[in-house]
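As given, the protein sequences belong to chains A and B, one line each in that order.
Residue numbers for the first sequence follow the numbering used here, beginning at 1235 and rising by one.
Residue numbers for the second sequence follow the numbering used here, beginning at 1235 and rising by one.
Simulated from the structure, these hints should not be mistaken for lab results.
One thing to keep in mind: the hints can contain errors.
Pairs count within a copy or across copies, as identical chains cannot be separated in the list.
As the list claims (entries may be wrong) - Below, computed lysine-lysine pairings styled on DSS-like, alpha-carbon distance capped at 27 Å:
no.: 1; residue 1: Lys1369; residue 2: Lys1241
no.: 2; residue 1: Lys1339; residue 2: Lys1349
no.: 3; residue 1: Lys1252; residue 2: Lys1349
no.: 4; residue 1: Lys1327; residue 2: Lys1262
no.: 5; residue 1: Lys1328; residue 2: Lys1369
no.: 6; residue 1: Lys1353; residue 2: Lys1375
no.: 7; residue 1: Lys1246; residue 2: Lys1369
no.: 8; residue 1: Lys1246; residue 2: Lys1264
no.: 9; residue 1: Lys1353; residue 2: Lys1262
no.: 10; residue 1: Lys1262; residue 2: Lys1252
no.: 11; residue 1: Lys1328; residue 2: Lys1241
no.: 12; residue 1: Lys1264; residue 2: Lys1241
no.: 13; residue 1: Lys1305; residue 2: Lys1375
no.: 14; residue 1: Lys1328; residue 2: Lys1349
no.: 15; residue 1: Lys1375; residue 2: Lys1264
Protein chains: 2
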Amino acid sequence: MVVVKSKQFIYKNELSWKSEKKGLLASKDKPPLEVACPPEFGGHPGIWSPEDLLVASVNICIMTTFLYYAKNWELKFSSYQSYAEGVAEIVEKKLVFSTIEIRPKILVTSDRDIKEAEKVLRFSERNCLVSNSIKSKIILKPEIRVNS
Amino acid sequence: MVVVKSKQFIYKNELSWKSEKKGLLASKDKPPLEVACPPEFGGHPGIWSPEDLLVASVNICIMTTFLYYAKNWELKFSSYQSYAEGVAEIVEKKLVFSTIEIRPKILVTSDRDIKEAEKVLRFSERNCLVSNSIKSKIILKPEIRVNS
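The whole structure should be built from the sequences, with the hints applied where relevant.
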């Protein structure tokens, strides 16, 4: 039997605790990022928390997957902005992100592209590496309009 | 019947596409962060990708949870550094993060704190909001030594 193993993609980072509830995140060639425990768990305001970054990673991955498929399928759009909101609460005695709602606002160049953009967006969400890797329910609420 | 709903914690962010495969991530009071699709999927090197941020969020959350419990249990330590490596590959026809390995190096102040630190660390991983919210297998490989 021949076992064909899929290609693997590896993502690495280094984290160093600095003081109080703060640390510095690093990854080769990327600008270092200050991170911290959020205020509601005894941490600090104004600093990216792991909770923020999990929710953001879903938001960004849906966009980057959309950019990939939009290019492949020659979809024209002039703007993509997306608000994300993650809700953490106790479920079965564990604190987890129960839902992550993603609200992309996309401007397309013609009426006939509205449906096409929604199709590409929904396909992108289903094929997003990050949203496929998390347990939270992803709620996608797009608003797609013609750039007037 | 009285239904007691657990407290909810909400995390919000705003993402704007800028050009090519790049965008800007924002969240109230936090420094804006440039993000992008990674090079292996047609994106850009040297910029934080959603894949990076997912893996980082697990690494950071285990540290911030450890900081929380270490303080509560009065565990003394002088250093916490942690390397993380996420592996993305096709599993059941979908590209997902199959494993995320976290390698914390912790320096404690006395021999008797080595076991205690490992206990606090393992408890922190099991109670980490982010690792509880993802499907990937989390592999924790600590190295705990006395600061000499």
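Checklist entry - When the hints from earlier in the document are held up against this structure, which numbers fail? => result As far as the earlier hints go, 4 and 9 are violated by this structure, in ascending order.
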